[in-house]
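Order-wise, the sequence lines are chains A and B. If you count the first sequence from 1, position 251 lands on 251 in the numbering used here, and the numbers rise without skipping. If you count the second sequence from 1, position 49 lands on 1049 in the numbering used here, and the numbers rise without skipping.
Derived by calculation from the structure, the hints in this document are not laboratory data. Some clues are possibly wrong.
[What the hints assert, rightly or not] Just some of the chain A residues that point at chain B, by a computed CB distance under 7 Å:
#1 Ala-20
#2 Ala-24
#3 Arg-27
#4 Leu-28
#5 Gly-32
#6 Met-35
#7 Gly-38
#8 Arg-45
#9 Leu-60
#10 Ala-132
[Claimed, not checked] Computed far set for chain A versus chain B, every beta-carbon distance over 10 Å:
#11 Leu-73
#12 Tyr-146
#13 Val-210
#14 Pro-421
#15 Asp-425
#16 Ser-435
Note that the structure is a prediction, hence the values are computed from the model and not measured. C-beta atoms are modelled at their ideal positions from N, C-alpha and C, and glycine is treated no differently.
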Amino acid sequence: MAFDIFHRHKLTISGTQAQALEMARLRLIWVGMLMMMGYLAIILRMGDLCLLHHKSTAMLMGSGAPAETERPLRASIVDRNGNILAVSLRMASVYADARMVHDPAKLAQELAALLPKQNEADLFKRLSSGKAFVWIQRFITPKQEYAINALGDPAIHFQEEQRRIYPDANLAAQVVGYTDVDSNGIAGIEKFFNKRLAAGGKPLRLTLDVRVQHIMRQDLAAAIKTFHALDGTGLVMDVNTGQIIAMVSLPDFDPNHIGEATNNEKFNRATLADYEMGSTFKTFSIAAGLNSGKVHLSSVFDASHPLHIDQFYIHDFDAKDRPLTIPEIYIYSSNIGTAKMAESLGPDYIRDFYQKLGFMQQAPIEVPERATPLYPSPWREVNTMTAAFGHGIAVSPLHLVRAASAIVNGGILLKPTLVMPDNPDVPPQGTRVISAATSEKMRRLLELVVASGTGAYAWVKGYDVGGKTGTADKNKNGRYENHANISSFLGVFPIWHPRYVVLALLDDPQGTKATHGFSTGGYTAAPVVGDVIARMGPMYGIKPRMYITRDSIEKSMKPYLKEYKEGQALASVSTDH
Amino acid sequence: MKHFPRTDRSILSNWWWAIDRLTLFALGVLIVCGIVLVSSASPPAAERSGLPPFYYVHKQLIFLLPTLGLMFAVSLMKEKTLWRMSLLAMPATILMMATAIFFGPKVNGAARWISFHGMNLQPSEFAKPFFAIISAWLIAKARQKPGFPGYQLSLALFLIIISLMLMEPDLGMSFVLACMWGAQMFLSGLPMMVIAGLVVLGVIGLFLAYLFSPHVTSRIDRFLDPAAGNNYQVRKSLEAFRHGGFWGTGPDHGIIKLTLPDAHEDFIFAVAAEEFGMVTAIFLIAVYAFIIIRSVSRIYRNEDMFVVLATTALLVQFGLQSLVHMGSSLQLLPAKGMTLPLISYGGSSLLSFGIAIGALLALTRKRKTGLLHDDV
Chain A
1 MAFDIFHRHK
11 LTISGTQAQA
21 LEMARLRLIW
31 VGMLMMMGYL
41 AIILRMGDLC
51 LLHHKSTAML
61 MGSGAPAETE
71 RPLRASIVDR
81 NGNILAVSLR
91 MASVYADARM
101 VHDPAKLAQE
111 LAALLPKQNE
121 ADLFKRLSSG
131 KAFVWIQRFI
141 TPKQEYAINA
151 LGDPAIHFQE
161 EQRRIYPDAN
171 LAAQVVGYTD
181 VDSNGIAGIE
191 KFFNKRLAAG
201 GKPLRLTLDV
211 RVQHIMRQDL
221 AAAIKTFHAL
231 DGTGLVMDVN
241 TGQIIAMVSL
251 PDFDPNHIGE
261 ATNNEKFNRA
271 TLADYEMGST
281 FKTFSIAAGL
291 NSGKVHLSSV
301 FDASHPLHID
311 QFYIHDFDAK
321 DRPLTIPEIY
331 IYSSNIGTAK
341 MAESLGPDYI
351 RDFYQKLGFM
361 QQAPIEVPER
371 ATPLYPSPWR
381 EVNTMTAAFG
391 HGIAVSPLHL
401 VRAASAIVNG
411 GILLKPTLVM
421 PDNPDVPPQG
431 TRVISAATSE
441 KMRRLLELVV
451 ASGTGAYAWV
461 KGYDVGGKTG
471 TADKNKNGRY
481 ENHANISSFL
491 GVFPIWHPRY
501 VVLALLDDPQ
511 GTKATHGFST
521 GGYTAAPVVG
531 DVIARMGPMY
541 GIKPRMYITR
551 DSIEKSMKPY
561 LKEYKEGQAL
571 ASVSTDH
Chain B
1001 MKHFPRTDRS
1011 ILSNWWWAID
1021 RLTLFALGVL
1031 IVCGIVLVSS
1041 ASPPAAERSG
1051 LPPFYYVHKQ
1061 LIFLLPTLGL
1071 MFAVSLMKEK
1081 TLWRMSLLAM
1091 PATILMMATA
1101 IFFGPKVNGA
1111 ARWISFHGMN
1121 LQPSEFAKPF
1131 FAIISAWLIA
1141 KARQKPGFPG
1151 YQLSLALFLI
1161 IISLMLMEPD
1171 LGMSFVLACM
1181 WGAQMFLSGL
1191 PMMVIAGLVV
1201 LGVIGLFLAY
1211 LFSPHVTSRI
1221 DRFLDPAAGN
1231 NYQVRKSLEA
1241 FRHGGFWGTG
1251 PDHGIIKLTL
1261 PDAHEDFIFA
1271 VAAEEFGMVT
1281 AIFLIAVYAF
1291 IIIRSVSRIY
1301 RNEDMFVVLA
1311 TTALLVQFGL
1321 QSLVHMGSSL
1331 QLLPAKGMTL
1341 PLISYGGSSL
1351 LSFGIAIGAL
1361 LALTRKRKTG
1371 LLHDDV
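Construct the entire structure; sequences and hints are all you get.
In structure tokens form, the structure reads like this:
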């Protein structure tokens, strides 16, 4: 009898049910009336807009009512040295009321002669369309405006507009962002500071240096081409102030022709993409260990056997099959050793430390395109072990350079920034994440990787570079791809008085003959960082210290290195994962 | 149109004589207006996406065929068949909604779509008509048979669906669903005190959403203070009404539509007002209002609680969605991103209304028994 209500003839309408129906009917009228009142409100509101505030096409386009001239010219955006990145110019746009055109053929011919971008047949079509409003051309030169005005045709009107110009085109496209046709910022700095820029006035000064930006972009583009990578990103950050000197995301686009840009090009990988970084993360887990006081450079962890936890196996790419000291774990990039060290710190230590480094929230930066990191929740023991070598947690490249700056600058985590502070003498405020002593130990380890390990290609004679390679298997829809990597190099220089962190990251680079088929970070990204440092070092007046040799660095770490032999590199560039 | 003699007892003939032909005609008017408006509003959007100018128009026409088919098929159904169809389709819809949330592509921060052979479907669109029918049956059954936990089951189903909609998140659609269910509760004779309580709960819910969901916070802030952020589309939409005036600029003479990104979807009413004027906008409102009043009068004397409740919820879906669409484009409501029933571009919306309208036609059919009410 479950479906009985459809058998109406079996239904006897009792008194209460009849009453219920009466109430339902009454309330149905209420529901209907409410909706009708809604429609009435719509009509009244339309009357207000359409009748009382009606605007003709001419009024809308501003002829006679120069609304655009009242609007201040949008403020410029400049780099740290005052080079213009974005500037607004007042320009006229010309349109016609095609209903008023008497001789479209003649007018089209005259206009085509003055406007080389326009085609006469096309103009004729528009001018004879009979529409109240047709654009002739947006943004014409003052000379063209004068000449067109001199034609004296009553059908032609001008509208004063401002146009945003990006003289450096692609150079810092995703950072600076772009505006819509009406000069409203809709991406990047243009969007973040829209109100400030729209109000006009002083240029907005960024921390970017177009020279370094250019170097990074050029080197990164060359690496993408050489290694047939899908895309790439590069960052240079001042470790003592948090200022971003260069931020590149490739492929990029020309903001002067935003209509032609694809979403892939508009995507700012430096701030908006999350990557599982791989071995560069060992920098942070080992710093956590050293800072805890429980782990020392001389601490030894057994990496003889692959680690088995739950259903996972943790392998080493270049297995040493023996117990390793902390410097050995770092330069051989041992996953097993790092995981065991992380385990020894207790289940929550690494997670809390990553939290302190800012890996669990958006990195503060003055563009709206900010990535929220991905990390396991709940955080289990296995997550501690994989996160220690940079798997199972994904952060943006900006997160990485920010945290790396704190590791090398003496232990202070700073707020990354793209905008020059009003008063450069006020020292930036930060929070301490590791002790100055731990920071010093980390600098020694970073130095060793470049002098004698997987980072050899970032070595710049005299510039004292430190760094760490990273080569992560690319995670696509939850599955790791064996033959696709995210290869990166995180560099610091000069390592003993650190000033800059330089990151280069390539998505899915392919090995070449010169790299013996390897596509690791040491082969593909490290040379980019090395070249950027070699080119920007002299520009920033950093004095080379030619007496530093690879061997002198190795010697200083000799007590911890079992395989140390004079004049021989410890780890080869390919052996990193 | 072919005339069927009343003595002809074929399915088609029975259908033709039983169906509410005036509503059917009004629906036809809306669909034709929809084609005209999508043809006018969508070419700029298509060109912006690098597609051929009439891409969306062609797609819309292609979607109209199954929509009309569905509408016809559903309008043939008996009440019992309607309920069975809904009962079968509901779990599938819920499953698809969950799939969209957990595996679907994210578009503008919302996971509402699933891809099916290159076609993007929005399953939550389909949840509404099925919910209207199932919930109506449950409540009617509870009224008829004391002891049957119809209210509780209806509440449970409501909570499941609205939770999924809020997880997507799709606040606009959650609002419509809540009003559909609220209307059924109201009609089923819930005491006024309880109804007041539910309204208060709803307001608290909205307030919590405002506090804790950044998405909602920004939407409401922009509505309350237009200077607070980017409400570009609404500004453009208001300009469109101002520009259109009473008579409109005439077809294809609109300017604002060129710079209105969602002109063919969430702001098609503004395009109608710009090019065809307030006079056409009022005409469209009159057609919507006519369909609602007409359907209400057809079921007014119906003694079957199920028919009354199901029809009401479907009418609320139809009417409220049109109201929210119009209200958003006139800044009477926060911008919600809702399609104008049977007019806006969008396959899922069209197909969903195909089902809803089919069900509405089935429920407002003249009863063969003649027992319950006369034709109006």
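Is the Cβ of Asp-425 of chain A more than 10 Å away from each Cβ in chain B?
34 Å, holds
Under 7 Å, Cβ to Cβ, is where Arg-45 of chain A needs to be relative to chain B, so tell me if that hint holds or is violated.
5 Å, holds
Are Ala-20 of chain A and chain B close enough, Cβ to Cβ, to be under 7 Å, as the hint says?
5 Å, holds
Hint validity - Gly-38 of chain A Cβ closer than 7 Å to any chain B Cβ
4 Å, holds
When the nearest CB of chain B is found for Met-35 of chain A, is that gap smaller than 7 Å?
Met-35 of chain A check passes; min Cβ-Cβ to chain B is 4 Å, inside 7 Å.
Residue hint Ala-24 of chain A, partner chain B, criterion CB-CB below 7 Å
Hint holds; Ala-24 of chain A Cβ to chain B Cβ min 5 Å, cut 7 Å.
Does Gly-32 of chain A hold up as a contact with chain B if the rule is Cβ-Cβ below 7 Å?
5 Å, holds
Quick check on the hint: Arg-27 of chain A CB to chain B CB, less than 7 Å?
5 Å, holds
Is the Cβ of Ser-435 of chain A farther than 10 Å from every Cβ of chain B?
Nearest chain B Cβ is 37 Å from Ser-435 of chain A, so the label holds.
For the restraint on Leu-28 of chain A, tell me whether the closest CB of chain B is nearer than 7 Å.
6 Å, holds
Beyond 10 Å on every Cβ pair: is that true for Leu-73 of chain A relative to chain B?
The claim holds: Leu-73 of chain A sits with its nearest Cβ about 20 Å from chain B, beyond 10 Å.
Mind verifying the non-interface call on Tyr-146 of chain A? Its CB should be farther than 10 Å from each CB in chain B.
Answer for Tyr-146 of chain A: holds, closest chain B Cβ roughly 26 Å.
In summary, this structure violates none of the numbered hints.
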